[in-house]
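Colleague: The primary structure of each chain is shown beneath.
There are 2 protein chains.
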Amino acid sequence: MVLRADARLRAAVVGTGLIGGSVLLRLHAAGVDVTGWDPDERTRRQARLAGVPTADRLADAVADRDVVFLGGPLPTLPATLVEVAAATAEHCLLTDVGSTKAELAGFAAEQGLTSRFVPGHPMAGTDRAGLAAALPELFTGAAWVLCPAPDGLAAFRRLATLVTDVFAARVVPMAADRHDAVVALASHVPHLLAGALAGAAHRSPLREAVLALAAGSFRDGTRVAGTPAQRTGNMLRGNRDQVLAALDQVTAFLDELAGALRSDDADALTARYAEAGAARAELAGRPYDEQVRSFPPGAEPAEVAWLHGIGAAGGHLSGCRDVAGTVSYVAHLPQT
Amino acid sequence: MVLRADARLRAAVVGTGLIGGSVLLRLHAAGVDVTGWDPDERTRRQARLAGVPTADRLADAVADRDVVFLGGPLPTLPATLVEVAAATAEHCLLTDVGSTKAELAGFAAEQGLTSRFVPGHPMAGTDRAGLAAALPELFTGAAWVLCPAPDGLAAFRRLATLVTDVFAARVVPMAADRHDAVVALASHVPHLLAGALAGAAHRSPLREAVLALAAGSFRDGTRVAGTPAQRTGNMLRGNRDQVLAALDQVTAFLDELAGALRSDDADALTARYAEAGAARAELAGRPYDEQVRSFPPGAEPAEVAWLHGIGAAGGHLSGCRDVAGTVSYVAHLPQT
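Just so you know, the protein sequences line up as chains A and B, in that order.
Using the working numbering, the first residue of the first sequence is number 80, and each one after it goes up by one.
Using the working numbering, the first residue of the second sequence is number 80, and each one after it goes up by one.
If you are wondering where the hints come from, they were derived from the structure by calculation, not from laboratory data.
Even glycine gets a Cβ: it sits at the ideal position worked out from N, Cα and C.
You may find that some hints are simply not true.
[Said to hold, decoys possible] Covered stretches of chain A, going by a simulated chain B footprint (3 or more residues, C-beta under 8 Å):
{"no.": "1", "segment": "260 to 271"}
{"no.": "2", "segment": "276 to 289"}
{"no.": "3", "segment": "299 to 305"}
{"no.": "4", "segment": "336 to 345"}
{"no.": "5", "segment": "355 to 363"}
{"no.": "6", "segment": "391 to 405"}
[Unchecked claim] Some chain B residues flagged as far from chain A (calculated, every beta-carbon gap over 10 Å):
{"no.": "7", "residue": "R121"}
{"no.": "8", "residue": "D139"}
{"no.": "9", "residue": "D143"}
{"no.": "10", "residue": "D230"}
{"no.": "11", "residue": "D244"}
{"no.": "12", "residue": "D401"}
[As the list claims (entries may be wrong)] Covered stretches of chain B, going by a simulated chain A footprint (3 or more residues, C-beta under 8 Å):
{"no.": "13", "segment": "265 to 279"}
{"no.": "14", "segment": "291 to 302"}
{"no.": "15", "segment": "321 to 327"}
{"no.": "16", "segment": "390 to 399"}
All chains should be built: construct the whole structure from the sequences, respecting the hints.
Modeller: Structure representation (structure tokens):
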């Protein structure tokens, strides 16, 4: 047992679309006592048809649970957090699966929930939406950001254990604002570029021919432009300042490429693409060094600093054990 | 037999990298009498080891051939065209596999080669390079642009027949300058965006974390940034004006997205993404209507106009038969 040594873990998932639904399916497949709830009645019926326990009322879903995952559209998460916090006991761990973190983390702090709410972001998805598109294996091997707070380390440890053990995800510890700056470049600006490329093709007088000749670069580069428009809009608006800052970095590089092209400077073009290629090459597969690190009771500030360092260095956790207050992490760091 | 009813087709491929090599492998697999040549001695040895006939000298490879495919780096194609034209008979059909067309088409016209040179562009590739990455099935189902000239229709018909029958590719007839405008948006600007995204990530102080959290949108959006830098540079420089014009269209749409985000205008964001999604949805699969069209001798201007119309409408050819000067095409047009 992961969270309660003496009993079967009791979990709930509130908001069971693509991401929440995949969390629900995985927990259920892993034998966890889990109940789902979604405001959409059709979604609840779908879950029931799939053989997954589902409550008709949110309060029934979360009653007497050890951990509740909060899903659903990003703008709804603050209200959901308040509602679920009020309906659960103090020992009940709360986390969310939203794609931006600073705003909700700040809100949770204002609400005095830091000790049991751990902002989270499983970095997986598809271009589809809803429970029908959910997959129990969606998070296997994926990065799953969790934000450790100095006064929320106990909750962080419990959730890190659950996420590594049940979801086989790579837990990436990161401060909420750092997360938002990173995903602005790693996910949100790519959505802007994909939208711009597909949108320009749509408006082009050459539209039909462009779509007919669309090769791998166009198909790949526009894939996420096919995701539900409102979901993408919510994601971008939830991280506006960071997205606009990251976009400036990308358009600055784009200007350099265009400038080199305009002046027919072959060497400059090749040099810029060599930079781009260096980042791309590392995506193909980075070798990691494993390290195990333990923190005794009272070392919380050092623990948070070390965790943040793991995330900043591109590393992740694959395990977490808490024995009588001394925690041990298994970490993986990219070789330098 | 496709080109000579009385004898086995004799073909050659000059420049056997990724694209030329894939042409070579396919022709060989189809039982065509084909010989390859590449300026790189190691590539020639590789081809020989793969059991594909390869000459040591270009002149030997192309001597007495019915058709020669010209591959190799884009800037080398004009010189290769001149050399191969001089080494082959007037009846020998010439075509290239370069990624831009207007410059080479204009050069061929200056050289008086329009009647036997058909500018071509098979729209397939991988992020790898060289004969080792070549695949005989690379073009199956892919778009393969061929540029019909009013005084080169006989050559166009022969080549369209060969490309549909032997490569099972979709032949897209298109004027050379139209092709370049279309691929600027369908392929070249996507390469610029991919380079800008990967390059900005490479330079970011958050580089390691960005690469660790790179989700599908970043991986897809940067894939072609991993292609050989010089090849990408040649491609962009070979279509500079069209690429810069298409980039302006894409950055204009990007500015609209960024403006909507900056002013937190949810409706405007959703509306822009709905436009983008409309183009994307058609990529998933367009239904086509089939039509068969014949042209008797003397109808060449109507034939060229009809062919250009097929390409402009997002259509393609799947077959071409020339019986006593009357040509019949099987065309597929997107349903409107």
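Colleague: Against each hint, give a clear statement of whether it holds in the structure.
Modeller: Consistency of the hints with the structure:
1. Coverage of the segment 260 to 271 of chain A by chain B holds in this model, with 10 residues showing a Cβ closer than 8 Å to a Cβ of that chain against a need of three.
2. Coverage of the segment 276 to 289 of chain A by chain B holds in this model, with 13 residues showing a Cβ closer than 8 Å to a Cβ of that chain against a need of three.
3. With 7 residues having a Cβ less than 8 Å from any Cβ of chain B, the segment 299 to 305 of chain A passes the three-residue criterion, so the hint holds.
4. Given as covered by chain B, the segment 336 to 345 of chain A passes the check, having 6 residues with a CB less than 8 Å from a CB of that chain where 3 are the minimum.
5. Beta-carbon proximity to chain B at under 8 Å applies to 9 residues in the segment 355 to 363 of chain A; the threshold of 3 is reached and the given coverage holds.
6. Given as covered by chain B, the segment 391 to 405 of chain A passes the check, having 5 residues with a CB less than 8 Å from a CB of that chain where 3 are the minimum.
7. Consistency note on R121(B): stated as away from chain A, and its beta-carbon is indeed over 10 Å from all of that chain's, at 22 Å minimum.
8. Listed as outside the interface, D139(B) is consistent with that label: its C-beta sits roughly 33 Å from the nearest C-beta of chain A, beyond the 10 Å cut-off.
9. No beta-carbon of chain A is positioned within 10 Å of the beta-carbon of D143(B); the least distance is around 35 Å.
10. At roughly 24 Å, the least C-beta separation between D230(B) and chain A is larger than 10 Å, which holds for a residue marked as non-interface.
11. The claim that D244(B) is not at the interface with chain A holds, since no C-beta of that chain comes within 10 Å of its own (minimum 21 Å).
12. A cut-off of 10 Å between C-beta atoms confirms that D401(B) is not in contact with chain A; the least separation is 24 Å.
13. Look at the segment 265 to 279 of chain B against chain A: 14 of its residues bring a Cβ nearer than 8 Å to a Cβ of that chain, three or more, so the hint holds.
14. Taking a C-beta to C-beta cut-off of 8 Å, the segment 291 to 302 of chain B contributes 12 residues in contact with chain A, enough for the three needed, and the coverage statement holds.
15. Counting residues of the segment 321 to 327 of chain B whose CB lies closer than 8 Å to any CB of chain A gives 4, so the stated coverage by that chain holds, three being the minimum.
16. For the segment 390 to 399 of chain B, the stated coverage by chain A is satisfied: 6 residues place a CB nearer than 8 Å to a CB of that chain, which reaches the threshold of 3.
Violated hints are absent here; each numbered hint is respected by the structure.
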